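Positions 1 to 249 (the UniProt record's numbering) are the ones given, in order, by the sequence shown.
One should not assume that every hint holds.
Stated by the list, open to error - Result set (BS3-like, lysine-lysine): computed pairs, CA atoms no more than 27 Å apart in a straight line:
#, residue 1, residue 2
1, Lys130, Lys154
2, Lys92, Lys221
3, Lys130, Lys153
4, Lys125, Lys153
5, Lys130, Lys151
6, Lys125, Lys154
7, Lys153, Lys131
8, Lys131, Lys151
9, Lys151, Lys125
10, Lys131, Lys154
Don't read these hints as lab results, they were simulated from the structure. Being a predicted model, the structure only gives us computed values, none of them experimental.
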Amino acid sequence: MCILEGREICTVDQNIRAGLQPSHSPSRDRTRTSSKMKHLLLLVLAFVAIHVDSSRIPELCQLPEDAGEGQSFIFAFHYNAAQDQCNPFVFKGNGGNANRFVNEIECIRNCSVNAENIYPMDAVKACHFKKAIGGCGLQLMRYYYDSVHDKCKKFIYSGCIGNGNRFFDHESCNATCAGIHDDGDEPEEDEPDTPIAIICGVLLAVIVLSIIIPVIVLTVKSKKKGSKKKTPKERNAQQDPPLSGIEMQ
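Build the full structure now, drawing on both the sequences and the hints.
Right, dumping it as structure tokens:
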């Protein structure tokens, strides 16, 4: 302490002043560092998991959807690697690529790393799955096994993004799943009325036929026009002996 012009002036030593500043606890710093390391580790593990999954997907399954060329109208499925699901598309008959499958089951089993959780090779495992209505716009009458209430039941399937617990008829459902039981307390769902499903199926068939028939008619007409335009030289060439144009070795 010192006195200057009648006033008291206190001078604080630098060491004392440093002691008055708020200090950071070493244990708190270690906790923060540990938390950051955990978050970084989780990010690395997530990245590795995504990379491993993508590397397990065959190259053909990572090709984009390709409708090809032509006048055909063929329903097919392609694998969407980003969503891990198989989506329907129309194949025109020529060209395209290898990411094209006849049905969803074949598509999932060839491409998805989760195939055993969607369409397992052992069909009995699928009897434990919940029914999957799907994400398309069709209305198809199918059957699924309700393992809580031990019975096969009807449901309306949308046409894509389903699972293995789906059967064409009651008999095949029972033959695969009868006797399988899972505990649960959910209420039993009502089955859809058959007449509605039949009407929807008939309407769908009419729509498909109305699209396919004009395509067939146009194809036949175009072939007839092509045959009429053949020149006399082409007709004469067709009448030559079968072996006249082949070089004998």
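Comparing the hints with the structure gives:
A hinted pair counts as satisfied when its Cα atoms are at most 27 Å apart, and Lys130 with Lys154 qualifies at roughly 13 Å. The straight-line distance between the Cα atoms of Lys92 and Lys221 is roughly 18 Å, inside the 27 Å bound, and the hint therefore holds. Annotation: proposed proximity of Lys130 to Lys153 holds, straight-line Cα distance about 12 Å (limit 27 Å). About 17 Å separates the Cα atoms of Lys125 and Lys153, which keeps this hinted pair within 27 Å; it holds.
Straight-line distance between C-alpha atoms of Lys130 and Lys151 comes to about 13 Å, which keeps the hinted pair within the 27 Å bound. Our distance criterion of 27 Å between C-alpha atoms is met by Lys125 and Lys154, whose separation comes to about 19 Å. A distance of roughly 10 Å separates the Cα atoms of Lys153 and Lys131; the hinted pair therefore holds under the 27 Å criterion. A threshold of 27 Å between alpha carbons decides the hint, and for Lys131 with Lys151 the separation of about 13 Å falls inside it, so the pair holds.
Taking the CA atoms of Lys151 and Lys125, the gap is near 16 Å; set against the 27 Å cutoff, the hint holds. Between Lys131 and Lys154 the alpha-carbon distance is near 10 Å, which keeps this suggested pair within the 27 Å criterion.
Every hint, counting from the list given before, is met by this structure.
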